[in-house]
Structures are given as C-alpha cells and as structure tokens.
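Please construct the entire structure, taking both the sequences and the accompanying hints into account.
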Amino acid sequence: MPRLRSSLARTAVVAGAAGAVALTGAGSASAETEVAEPATFTSAYTAMATPDMVINNDGVATPGQPGATGSFMYRINSDLEVICYDITLTGVTPPYQSPAKTATHIHQGAAGEAGPPRIALPDPEDDGSGKLVSSGCLQGPFTTGVLANGADTGTGFTLAQIEADPSAFFTDSHTSAFAAGAVRGQLTQVPVGGVETGAGGTADTGSSTAPLAALGGTAALAGAAAVALRRRAGRA
Amino acid sequence: MRSGRVSLLAGCLALALSGCGGPAADPSSGPRGAGSPAASPSAPMPGPAPLAVPGPAPLTVPGPAAVVDPADVPAPVSVAIPAIGVVSALPELGVAPDGTAEVPVDFDLAGWFSGGGRPGSRGPTVLLGHVDSTAGPAVFYALRELVPGNVVEVTVADGSTARYAVTGAEQFAKDEFPTAAVFGATTDDVIRLVTCTGAFDRGARSYVDNLVVTAERLA
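These protein sequence lines are chains A and B, in that order. Heads up: the first sequence is residues 1 to 236, going by the numbering used here. Heads up: the second sequence is residues 1001 to 1219, going by the numbering used here.
No lab work stands behind these hints: they were computed from the structure. Cβ atoms here follow ideal geometry from the backbone N, Cα and C, with glycine treated the same way. Be careful, since some hints might not be right.
Below, a sample of chain A positions facing chain B; criterion: calculated Cβ distance under 8 Å [unchecked claim]:
id	residue
1	Ala-44
2	Thr-69
3	Met-73
4	Asp-86
5	Gln-189
6	Gly-194
7	Thr-197
8	Gly-198
9	Ala-199
10	Thr-205
11	Gly-206
So these bits of chain B aren't anywhere near chain A, every CB distance computed over 12 Å [stated by the list, open to error]:
id	residue
12	Pro-1082
13	Gly-1120
14	Val-1156
15	Ala-1162
So this is what it looks like as structure tokens:
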C-alpha cells in the first residue's frame, strides 16, 4: 500500500526512537506508534509558527529563521489517544537538530515562555517544491527522548491536556542553525469535521461528483489539501 | 464512517428542528439576486479522488514581511457578494462542545469563525453560511454559482472594507473534510466561504458534502 511505504519512510525516525529511548535508559518500554487515521476526532488545532515567537530554554527570546513560517494542523482523538498531524514548513533550512528523538515537537508552555517537549513528531521532508511537509497519525503513550528529573518528558502526558488548555501548548521545529527553534507557534482551536450548514434539501445536487458552475482556475486548496488527500487515498 | 457521520449530524438535527418552518419553498423563489446567470456546468469537478495537482502557486498578494496576528487587526462585521446578491452581518462562531464547527442559528445570516484569521492578518478567514433550511433557500444558497473573479467584500470593525476575488471552489465529502486545507493557518490573506452541497440525506436531514469557495485578497 502506497501509504504504508511512505509512512514507513516517515516513521523511520520514530521507529529508531524506540532504540534511542532504550539507549537513554528512560525506563519506559512503550512509545508512540504510527496508526491509521481514525474515523472521527474530538478536537483540532492549528498553529501559525513564525521565527519571532521562539524562546530558548532559558526563557530568552531567540528569533528563529528570518522569513520562515510553519503551518501546523493537529487533529486529536483523545478517546483513542491518537493525534494526526499535517505540517508544512516554508523557508526553513535543514538539517534538523534536537536532543529529542526528532526536532519537531509539541511543547507545554504559554506564549513567551519555554517548556518541555511532550510529543516528538516526524520531521517534515522536502516535497519536491521546496516546502518541508509531514503528515500521519501517532497513538500514545508518547515519549520524546528528553529526560527531566530522570523521566522522559512525555511521561504522564495525555492529549486530553491539550484539549483542556490548548493555548498552553506550542509547536516548533529546531534546526542546526536555529537550535532554539526555526519557527514556533501556540496552538489555537479550529473546528474538526464537516460543517452542518444546510437542512432543507432544496440544494441537492444529486451526487458528490456533480459539476459546479464553470469555475476553472486552480483548485485553491489543492496544494494544501494534497498531503491530506494523498493520505486518504492510501487509507485502507 | 457511518458512525462518524451520525456524530456530525447530531448538531445538525437539533438545528434543523429549531430552525424549521414550513415545507421547503420553490428554489427559484430564493434570494438569487438580480439576474445572475448560472454558467453551464462544464468545468470538471474533482470528486473524491485525490486532486494531486502540484501546479504553480496561486496568484496571491505577496505576504507581508511580518506575519500579522489576527488579534492585531479589526474583526469582520459584514460580508457582501454582489454577484449573487448576498449581504449579511457576521455574528461570531466558535467551536461546539463536540469539537465541530458552530453554525449560524439564523439561516439568513452567514457567520465568521472567530478563532481563525481576519482581513489583513494571517489566514484563513472562514465564513460559514447555510445553503437552505426547511423553509427554503438560505444565505449561501447560490454560493455554487460563483465564478473566478467574483468579488467578496468584507467590512471590518473600523469601517474599512477588504476586497477579495474568488479563485476557485471545491467540494468535499463531510466524512473526509480536509480540516488542514480549510482551517489550517496560512500566511495568505484568504477568505473561505463554506456551505453544504451534494446529495441530501433525507433520513438525517443533512447534506453529505461541503462546498468551500476560496477568495484571495485584492491589492
């Protein structure tokens, strides 16, 4: 299955992380696993990550890569402890660098503050157009490979904590040139799933493939949706 | 997937019951505006299959050197789409307790997702409106008639008006709604207009698809 091939490539870092956790002696034998997208989600969050929001571990503002931006979308099913991610970085120059098992994280911390990573996500890869993208779904429990007081910083973390206070979490990607973060953004909630905007049946177009009045032009969402659509196409 | 759709429809059913009036009106008597022609449906419609169009970047106004936070610009208060005769205030919409989108209570008004972007800030600015109610066509009934170049005007709280031009429209099954593509943060100052379309599930009193029209900021 195409998705399995690409997901194996993307999760090479995560799979390797299990070994990394063992090497660091974090103690926990369980780490996140890549899973298929669940049928429903309990919440969704986006973040507009920019270089001006980066704070280093000492709490000092440390601007990231000039001109870079990151668009992060997270869809969570907190009943299944699954998080699906769609990440696009623009203007971020690899290589990545982080003491965690990947360099792309969700941290727990308010705006303007530092905070420990809670989830390590596969680092985005060049999609051929110069943008770095990654998408997939992970099921907890989550480990980051970073120790604090002898325990992995993912210990005790659950996705329900994001749902309880999303603005207390931020997401970022770290590179060698910008080790504190190339871009960073706080999470903000967006609606998940389809929108219920119609109840009368008078606008029935008969089928999902009914043509629209001649719109032509580029499908504006095609580029952004391509990653999500590719994943859906490969889903069993 | 079926259970997923049922969970999405729970809110719709409650809204339908609260908003319903008489039987559905004749669609031709709806608020279609003065003689806006319906173009022939000749454009191919991307169906459920992946679009996989890497294509050139859309013709957008270049993003600002610094990304503007939505909180730093005025909120939208009304929208006008002259080509289809839409004029509407924009009550704020949020996220329902089940994580799905709040939708307008008044079927004659569109609404603005207040947790997203605003004209002049990073996008997207998302406006939601019903296509119809059991009493007949609603505010976004004619959204699917829009063609590229049609202007969308959004007035914001300081009285100024931001103008956008439609660049395209796409139809998505609600069961496979591309949350990242529609609500994902973007540096572009774009508007997305969302309503229902597709086949109508009479048992659930809900459409199976969403229609998303994208419009990009005019300089």
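The hints, checked one at a time:
1. The interface hint given for Ala-44/A holds, since its Cβ lies 5 Å from the closest Cβ of chain B, which is under the 8 Å cut-off.
2. Against a cut-off of 8 Å between C-beta atoms, the interface hint on Thr-69/A holds, since the closest Cβ of chain B lies about 5 Å away.
3. Hint status for Met-73/A relative to chain B: holds, with the closest Cβ pair at about 4 Å, below 8 Å.
4. Taking 8 Å as the C-beta cut-off, the interface hint given for Asp-86/A holds, the closest approach to chain B being about 4 Å.
5. The closest approach between the C-beta of Gln-189/A and any C-beta of chain B is roughly 5 Å, which is under the 8 Å cut-off, so the hint is satisfied.
6. With a cut of 8 Å, the hint placing Gly-194/A at the interface with chain B holds, because the nearest CB-to-CB distance is about 3 Å.
7. The interface hint given for Thr-197/A holds, since its Cβ lies 5 Å from the closest Cβ of chain B, which is under the 8 Å cut-off.
8. Among the interface hints, the one on Gly-198/A holds; its C-beta lies about 3 Å from the nearest C-beta in chain B, closer than the 8 Å criterion.
9. For Ala-199/A, the suggested interface contact is upheld, since its CB lies about 4 Å from the closest CB of chain B, less than 8 Å.
10. At a threshold of 8 Å, the smallest CB-CB gap from Thr-205/A to chain B is about 6 Å, leaving the interface hint in force.
11. With 8 Å as the threshold, the beta carbon of Gly-206/A comes within range of chain B, its nearest partner Cβ sitting at about 6 Å, so the hint holds.
12. Every CB of chain A lies more than 12 Å from the CB of Pro-1082/B, the least distance being 16 Å, so the non-interface label holds.
13. At roughly 14 Å from the closest C-beta of chain A, the C-beta of Gly-1120/B stays outside 12 Å, upholding its exclusion from the interface.
14. Distance check on Val-1156/B: its Cβ is at least 19 Å (rounded) from any Cβ of chain A, clearing the 12 Å threshold; non-interface status holds.
15. Consistency note on Ala-1162/B: stated as away from chain A, and its beta-carbon is indeed over 12 Å from all of that chain's, at 17 Å minimum.
Of the hints listed earlier, there is not a single one the structure fails to meet.
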